[in-house]
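Q: What follows is each chain in one-letter form.
Number of protein chains: 4
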Amino acid sequence: MPYEFKLTRLVEFAETDMAGIVHFSNYFRMMEATEHAFFRSLGLTIHGQEMESTVGWPRVSATCDYQRPLRFEEEVEIQLLVAEVRSRSIRYQFVFRMPGSEVEIARGAIAAVCATVDKQSGKLVPMAIPEHIREAIQPAPAELLKPFASGRS
Amino acid sequence: MPYEFKLTRLVEFAETDMAGIVHFSNYFRMMEATEHAFFRSLGLTIHGQEMESTVGWPRVSATCDYQRPLRFEEEVEIQLLVAEVRSRSIRYQFVFRMPGSEVEIARGAIAAVCATVDKQSGKLVPMAIPEHIREAIQPAPAELLKPFASGRS
Amino acid sequence: MPYEFKLTRLVEFAETDMAGIVHFSNYFRMMEATEHAFFRSLGLTIHGQEMESTVGWPRVSATCDYQRPLRFEEEVEIQLLVAEVRSRSIRYQFVFRMPGSEVEIARGAIAAVCATVDKQSGKLVPMAIPEHIREAIQPAPAELLKPFASGRS
Amino acid sequence: MPYEFKLTRLVEFAETDMAGIVHFSNYFRMMEATEHAFFRSLGLTIHGQEMESTVGWPRVSATCDYQRPLRFEEEVEIQLLVAEVRSRSIRYQFVFRMPGSEVEIARGAIAAVCATVDKQSGKLVPMAIPEHIREAIQPAPAELLKPFASGRS
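Same order as they appear, the protein sequences are chains A, B, C and D.
Quick note: to get our numbering, add 1351 to the position in the first sequence (first position is 1).
Quick note: to get our numbering, add 1351 to the position in the second sequence (first position is 1).
Quick note: to get our numbering, add 1351 to the position in the third sequence (first position is 1).
Quick note: to get our numbering, add 1351 to the position in the fourth sequence (first position is 1).
Incorrect hints may have been included.
Identical chains blur together in the list; that is why a pair holds if it fits in one copy or across any two.
[Unchecked claim] Here are the computed lysine to aspartate or glutamate pairs in the EDC-like style, where the Cα-Cα straight-line distance is at most 16 Å:
hint	residue 1	residue 2
1	1474	1425
2	1357	1428
3	1497	1435
4	1470	1494
5	1470	1403
6	1470	1355
7	1497	1455
8	1497	1453
9	1357	1494
10	1474	1453
11	1357	1426
12	1497	1363
13	1357	1453
14	1497	1469
15	1474	1494
It is worth saying that the hints were derived from the structure and are not from the lab.
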């Protein structure tokens, strides 16, 4: 029952902007890619089928504190920590670091709700997290979860 | 000395994802587009020149709470409010609404620091906000600024 | 029965890359945005419903010749010309220009096939262009359509 | 003196659109990522320094023919072939395939010109390809390079 996962990525050219650094919106894509790789590492998929319904994880909130810029072809390690598991939602924390270093580049969080797409309306309807997903993950120990400078954990 | 700005956008196909809704990372691009349009409305640019130096606004933090999904070809109005002006940084709040409606789609915030690109090192160095920018904006009245559900304002 | 449409856009920060210019992949998003605005101008939508089926326009080919770079906050006018209408596909040409100028920034083309999403398999299946769409557009006169330097028109 | 390179990628959620498939513009980002990985495999970088000048590779043209859609979490292998090396430009061909299969997903091409950023004007000025780059690569044998259906090779 893991509560942690690490993904290493190389910054791509298309992720940079004219300031010469990774555009701030792309940190959210990197967090999401880490979340999805975490699911795959458990034999799960973030966009699966449960009893003929499509299950997805729309976001309730997302946040990022930026400490150092990231540049083209730099490597970054993104650490995912499961911060909280509720009946219908999961909250993750993420820390971006230079690989092999304790120096933080950024720190973020995403809260996502488990939802199914109603076939008639096409709308997303919250649902209880399927048992086999709930059993596969657990929250990280509290001492690993640091509060954000701004109060949003 | 305005403290508010509104931008209306139409959701583009490339902003959606396979869940059929705007990808959550694109809300941050919409917030930034609103910030930049706010600057242009004041005769300023977010990426300008001050005494032979390039001045930019790297992000310190960004956050978004998602309430309702946005779909292709839907119109969205993004309201920017200046939440705080400090000596070297500005904090904005954003509210996403259906145009002509009070129904909120999302609510976000960005804090950005004024910085110049050091010509030798290429690094971003924080600097005092130029006087003509500081004079052009002011914080919104406190009663217009609502706290985030999660505590980050 | 129009065969032409023009869209004017302002280059956004997130569209640039570390070379300080619009990333070449974003020209394809601008072409698509112009195609979709063309459809809306005719009272159509590119992602509509026909007799309970979702109709879309997956791309068969896309190409772009780049002549001049585009920079942040520059205005660009994108001219769409309908190059060919076949039973199940449409081909467009696009010319990017500085507004009010004949100077070309880029020139591109997209060929798209009309397709419906099969509800069982989720696969895209080509279909005849619906009559009301076919009636709403026509190919541009041949003299307006210039061949590409490289032979792909 | 290699003329070929292969990169394998997993389709990310943010690369899909509401049609449930990879957005057509993202194939160009995948081609570019393959080009850059090819350069790294030779000990080079696509955005390097030559005698105090920044050297880049702005695109002259880019094209893609789409044969099969790509979906979330599918693996794709992108094969790069050097199609032509001229004094100031390089042309690449790309073939997208399911790994371990001959079935083609897409086929594309990019032509890029070697350029340096003029420090005064900030403009991109074409230049001869540096000798150590020219020596590191060579064109693929003609029989490996297939013409595009549409004539642009």
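Q: Checking residue 1357 and residue 1428: alpha-carbon separation at most 16 Å within a copy, between copies, both or neither?
A: Answer is within; shortest intra-copy Cα gap is 7 Å, inter-copy 24 Å.
Q: When no copy is named, should residue 1357 and residue 1494 be tagged within, between, both, or neither for a Cα gap of at most 16 Å?
A: Neither: 18 Å inside a copy, 42 Å across copies.
Q: Reference check for the pair residue 1474 and residue 1494, CA-CA at most 16 Å: within, between, both, or neither?
A: neither (38 Å within a copy, 34 Å between copies)
Q: Between copies, within a copy, both or neither: which fits residue 1497 and residue 1469 at Cα up to 16 Å?
A: Classified as neither: same-chain Cα gap 37 Å, cross-chain 33 Å, threshold 16 Å.
Q: Can you give me the call for residue 1470 and residue 1355, within, between, both or neither, at a CA distance of at most 16 Å?
A: Neither: 34 Å inside a chain and 37 Å across chains, both beyond 16 Å.
Q: Within a copy, between copies, both or neither: where do residue 1497 and residue 1435 come within 16 Å Cα-Cα?
A: within (13 Å within a copy, 25 Å between copies)
Q: Which holds for residue 1357 with residue 1453 at a C-alpha limit of 16 Å: within a copy, between copies, both or neither?
A: This pair counts as within: shortest intra-copy Cα distance 14 Å, inter-copy 33 Å.
Q: Treating 16 Å as the Cα threshold, decide for residue 1497 and residue 1455: within, between, both or neither.
A: Within. Shortest intra-copy distance 13 Å satisfies the 16 Å Cα cut-off; inter-copy 30 Å does not.
Q: Is it within, between, both, or neither for residue 1474 and residue 1425, if the alpha carbons may be no more than 16 Å apart?
A: For residue 1474 and residue 1425, only the inter-copy Cα distance (15 Å) is at most 16 Å; the intra-copy one is 39 Å.
Q: Is it within, between, both or neither when you check residue 1357 against residue 1426 at 16 Å Cα-Cα?
A: within (13 Å within a copy, 20 Å between copies)
Q: Within a copy, between copies, both or neither: which one fits residue 1474 and residue 1453 at a CA-CA cutoff of 16 Å?
A: For residue 1474 and residue 1453, neither the intra-copy (42 Å) nor the inter-copy (21 Å) Cα distance is at most 16 Å.
Q: At most 16 Å between C-alpha atoms: does residue 1497 with residue 1363 qualify within a copy, between copies, both, or neither?
A: neither (29 Å within a copy, 28 Å between copies)
Checked against the numbered hints listed earlier, the structure breaks hints 4, 6, 9, 10, 12, 14, 15; every other hint is satisfied.
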